[in-house]
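Novice: Required output: the full structure, derived from the provided sequences and hints.
So the chains spell out like this:
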Amino acid sequence: DVKVTQSSRYLVKRTGEKVFLECVQDMDHENMFWYRQDPGLGLRLIYFSYDVKMKEKGDIPEGYSVSREKKERFSLILESASTNQTSMYLCASSPELMLAGDTDTQYFGPGTRLTVL
Amino acid sequence: GENVEQHPSTLSVQEGDSAVIKCTYSDSASNYFPWYKQELGKRPQLIIDIRSNVGEKKDQRIAVTLNKTAKHFSLHITETQPEDSAVYFCAASWGYGKLTFGQGTILTVHP
Chain A
1 DVKVTQSSRY LVKRTGEKVF LECVQDMDHE NMFWYRQDPG LGLRLIYFSY DVKMKEKGDI
61 PEGYSVSREK KERFSLILES ASTNQTSMYL CASSPELMLA GDTDTQYFGP GTRLTVL
Chain B
1 GENVEQHPST LSVQEGDSAV IKCTYSDSAS NYFPWYKQEL GKRPQLIIDI RSNVGEKKDQ
61 RIAVTLNKTA KHFSLHITET QPEDSAVYFC AASWGYGKLT FGQGTILTVH P
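Line order of the protein sequences matches chains A and B. Letter by letter, the first sequence follows residues 1 to 117 of the numbering used here. Letter by letter, the second sequence follows residues 1 to 111 of the numbering used here.
Hints in this document: simulated from the structure, not taken from any laboratory. Take the hints with a grain of salt, since some may be wrong.
[Claimed, not checked] Computed cross-link-like contacts, DSS-like style, restricted to lysine-lysine with a CA-CA straight-line distance of at most 25 Å:
| id | chain 1 | residue 1 | chain 2 | residue 2 |
| --- | --- | --- | --- | --- |
| 1 | B | 22 | B | 58 |
| 2 | B | 42 | A | 3 |
| 3 | B | 42 | A | 13 |
| 4 | B | 37 | B | 58 |
| 5 | B | 71 | B | 22 |
| 6 | B | 58 | B | 68 |
| 7 | B | 37 | A | 3 |
| 8 | B | 37 | B | 22 |
| 9 | A | 71 | A | 53 |
Specialist: Put into structure tokens, the structure is as follows:
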């Protein structure tokens, strides 16, 4: 059974603070993702990593960066948190893809609800 | 990238009725269409998915249909039960391994 865990379920930070959100998966998945979830907007992709030290911007990367030093761990960094980054953050992982243009099932973590005051 | 529109945003049905949620997508290269269910306070969980070489897929009370020509796909839930109440998200693939999600449908099943 795939297990994706996130470091915190709830987090409260101040404007301007540097925030780290961590995600760990135990299924040796190549691909990892960070989304933010807001009511009425669905899940929006922030960043995507398809291998260690490899990353790709998603739809809304502004104000965020990521780090993937080890295959099982993918971190989302808010360099200087702002109130408009208050949201639910979801991490996901998926296995290696066999073909270019292929997509496979994504497995989600429980989410981190971040509040920036 | 891809653009996915999902309707309706809320859906209220009586227990035992059927529920249908529809999504349209823009990228004709999309070839994978999953549906996720998210119960209150929980993570999204895959409930069914379909690939572009298939027109319909069924798993007990849930089914998904895909019309590639019209670029739309739908989730059908029959004999709804209160435990089906949740937020449902459709998604469509794009690029390498990425998904674009719809806005979500809040389904409420009244006993």
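Novice: Compare the structure with each hint and give your call.
Specialist: Hints versus structure:
1. B:22 / B:58: The given pair, whose Cα atoms are some 16 Å apart, holds under the 25 Å limit.
2. B:42 / A:3: 14 Å, holds
3. B:42 / A:13: 22 Å, holds
4. B:37 / B:58: It holds: about 16 Å lies between the C-alpha atoms, which stays within 25 Å.
5. B:71 / B:22: 11 Å, holds
6. B:58 / B:68: 18 Å, holds
7. B:37 / A:3: Holds - the C-alpha atoms of residue 3 (chain A) and residue 37 (chain B) are around 17 Å apart, at most 25 Å.
8. B:37 / B:22: Holds, because 14 Å separates the two Cα atoms, which is no more than 25 Å.
9. A:71 / A:53: 9 Å, holds
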